[in-house]
Amino acid sequence: MDRISVRTLFFGVYGELAARREGSAELAADSTVADLVEALRGPGGLDWLPERVVVAVNQGYAEAGTVLSDGDEVALIPPVAGG
Amino acid sequence: MDRISVRTLFFGVYGELAARREGSAELAADSTVADLVEALRGPGGLDWLPERVVVAVNQGYAEAGTVLSDGDEVALIPPVAGG
Amino acid sequence: MSKRANDRVRTWITRESLDDFGRFENIVREIGSVEDGALLFFQGRVRRTNRGRAVSRLRYEAYGEMAERELAAIGHEALERFDVGSVAAAHRVGDLGLGEVSVAIAVTSAHRDAGYAASRWIIETIKVRLPVWKHEHYEDGESHWVGAPPLEAGTSSGGSRFE
Amino acid sequence: MSKRANDRVRTWITRESLDDFGRFENIVREIGSVEDGALLFFQGRVRRTNRGRAVSRLRYEAYGEMAERELAAIGHEALERFDVGSVAAAHRVGDLGLGEVSVAIAVTSAHRDAGYAASRWIIETIKVRLPVWKHEHYEDGESHWVGAPPLEAGTSSGGSRFE
Chain A
364 MDRISVRTLF FGVYGELAAR REGSAELAAD STVADLVEAL RGPGGLDWLP ERVVVAVNQG
424 YAEAGTVLSD GDEVALIPPV AGG
Chain B
364 MDRISVRTLF FGVYGELAAR REGSAELAAD STVADLVEAL RGPGGLDWLP ERVVVAVNQG
424 YAEAGTVLSD GDEVALIPPV AGG
Chain C
11 MSKRANDRVR TWITRESLDD FGRFENIVRE IGSVEDGALL FFQGRVRRTN RGRAVSRLRY
71 EAYGEMAERE LAAIGHEALE RFDVGSVAAA HRVGDLGLGE VSVAIAVTSA HRDAGYAASR
131 WIIETIKVRL PVWKHEHYED GESHWVGAPP LEAGTSSGGS RFE
Chain D
11 MSKRANDRVR TWITRESLDD FGRFENIVRE IGSVEDGALL FFQGRVRRTN RGRAVSRLRY
71 EAYGEMAERE LAAIGHEALE RFDVGSVAAA HRVGDLGLGE VSVAIAVTSA HRDAGYAASR
131 WIIETIKVRL PVWKHEHYED GESHWVGAPP LEAGTSSGGS RFE
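Chains as they are written, first to last, in this note's numbering: chain A, 364 to 446; chain B, 364 to 446; chain C, 11 to 173; chain D, 11 to 173.
You may find that some hints are simply not true.
Claimed, not checked - With the Cβ distance kept under 8 Å, some of the chain B side facing chain D (calculated, not the full set):
#  : residue
1  : Phe374
2  : Val376
3  : Ala381
4  : Ala388
5  : Ala391
6  : Ala392
7  : Asp393
8  : Thr395
9  : Val416
10 : Ala419
11 : Val420
12 : Gly434
13 : Gly445
14 : Gly446
No lab work stands behind these hints: they were computed from the structure. Using N, Cα and C, we set each Cβ at its ideal position, and we do this for glycine too.
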């Protein structure tokens, strides 16, 4: 498979800024979290998204270098504020 | 008044060791807490009572030098163990 | 400790009120033991004043499944890090009014030192790790995602575009 | 803070059970306020094992009037020392079985830092200042006043000469 598709989730203020809570992104196979963030921030995209945004893949915190797979659920996590 | 009389209270293990919970003591006027403790520890008395025992006079912690008055309530306070 | 770790940790994310102490009393009775000489129960509540602004109500949004996982992980990690007997922790989501409980944590332990330390560690860890976000509404009609960077002029008032 | 200090402190010594959380929930509701974002509730309970011995039950004796005064003084002093909204504290006297609550302390505060610090200070201060004594009974039939110096041979077993 040359291309993979991941599901993107936008929480809190990111959902507000992106004007959506869910989306999807197509990426080259073996793309990393950092590649996805770069693509999202690209021309005409979510330029407000921090370069080092916190990301969870399949409901666990992930590193920038984490390699994505087709069908992954990738959440963009603004500063948490529980408690 | 040459002599004063104070009421003595023995709590916890002191009540057990003294074989009484309440008593009274006659002292010279202007006696201090230290004088009372010395009298209690005296010949035939409560020789196990620590010289620097914690004492409350009229339900408040008192110093060794606190002067006693006729009718005072003096409690002998073993190590406390609340909580 | 005779109970297995899974029987000594209870965590959940809920839309239902956490205000009632009694709910926690029952859980503590289930998961605690007579070797526990201390119970520490913490509640975080919606405070009227936050950073000088008068809050009218707020809404917590959670990444549901991940929040459940993280809260359970925090509970189990507390059991490993501290000498405690049991941990119960719950976080509320949805709309909350003033004074309502947003988070509740009960820790039982043989000795109080470990209980205080674990309780404090759990709430601090929730605040940095649990994927939950707070949308505060103020008495002046504005609203704001707590922890979010300040928005540009023109977008900071008028409340959220989502609700 | 709109309430006077006397309305924000509630302390008592009691022969009645302190096991019920609900009693404290009601008191916290009375004396706390919507400016309090944190509640910290501590319970000390009769633990089965103390210093390696199996406890069967225990009895707390208090210097009643002085204990009431000291506990009230501790509550008010906590309000002065820490940035807390309200303090409720109670100590049990009489006979207690395993697992029963001997002391309960509820502190509300705007921020949790002050709440944890005040709660801890109150229990530590109770332990050094409150005129209350604990007579532990063990499963082997012996008994001992906690904190008392070791007695000479011949008087240490066979339990208390008083009951």
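Going through the hints against the structure:
no.: 1; hint: Phe374; result: 6 Å, holds
no.: 2; hint: Val376; result: 4 Å, holds
no.: 3; hint: Ala381; result: 10 Å, violated
no.: 4; hint: Ala388; result: 18 Å, violated
no.: 5; hint: Ala391; result: 26 Å, violated
no.: 6; hint: Ala392; result: 25 Å, violated
no.: 7; hint: Asp393; result: 24 Å, violated
no.: 8; hint: Thr395; result: 20 Å, violated
no.: 9; hint: Val416; result: 11 Å, violated
no.: 10; hint: Ala419; result: 6 Å, holds
no.: 11; hint: Val420; result: 10 Å, violated
no.: 12; hint: Gly434; result: 16 Å, violated
no.: 13; hint: Gly445; result: 3 Å, holds
no.: 14; hint: Gly446; result: 4 Å, holds
Checked against the numbered hints above, the structure breaks hints 3, 4, 5, 6, 7, 8, 9, 11 and 12 and satisfies the rest.
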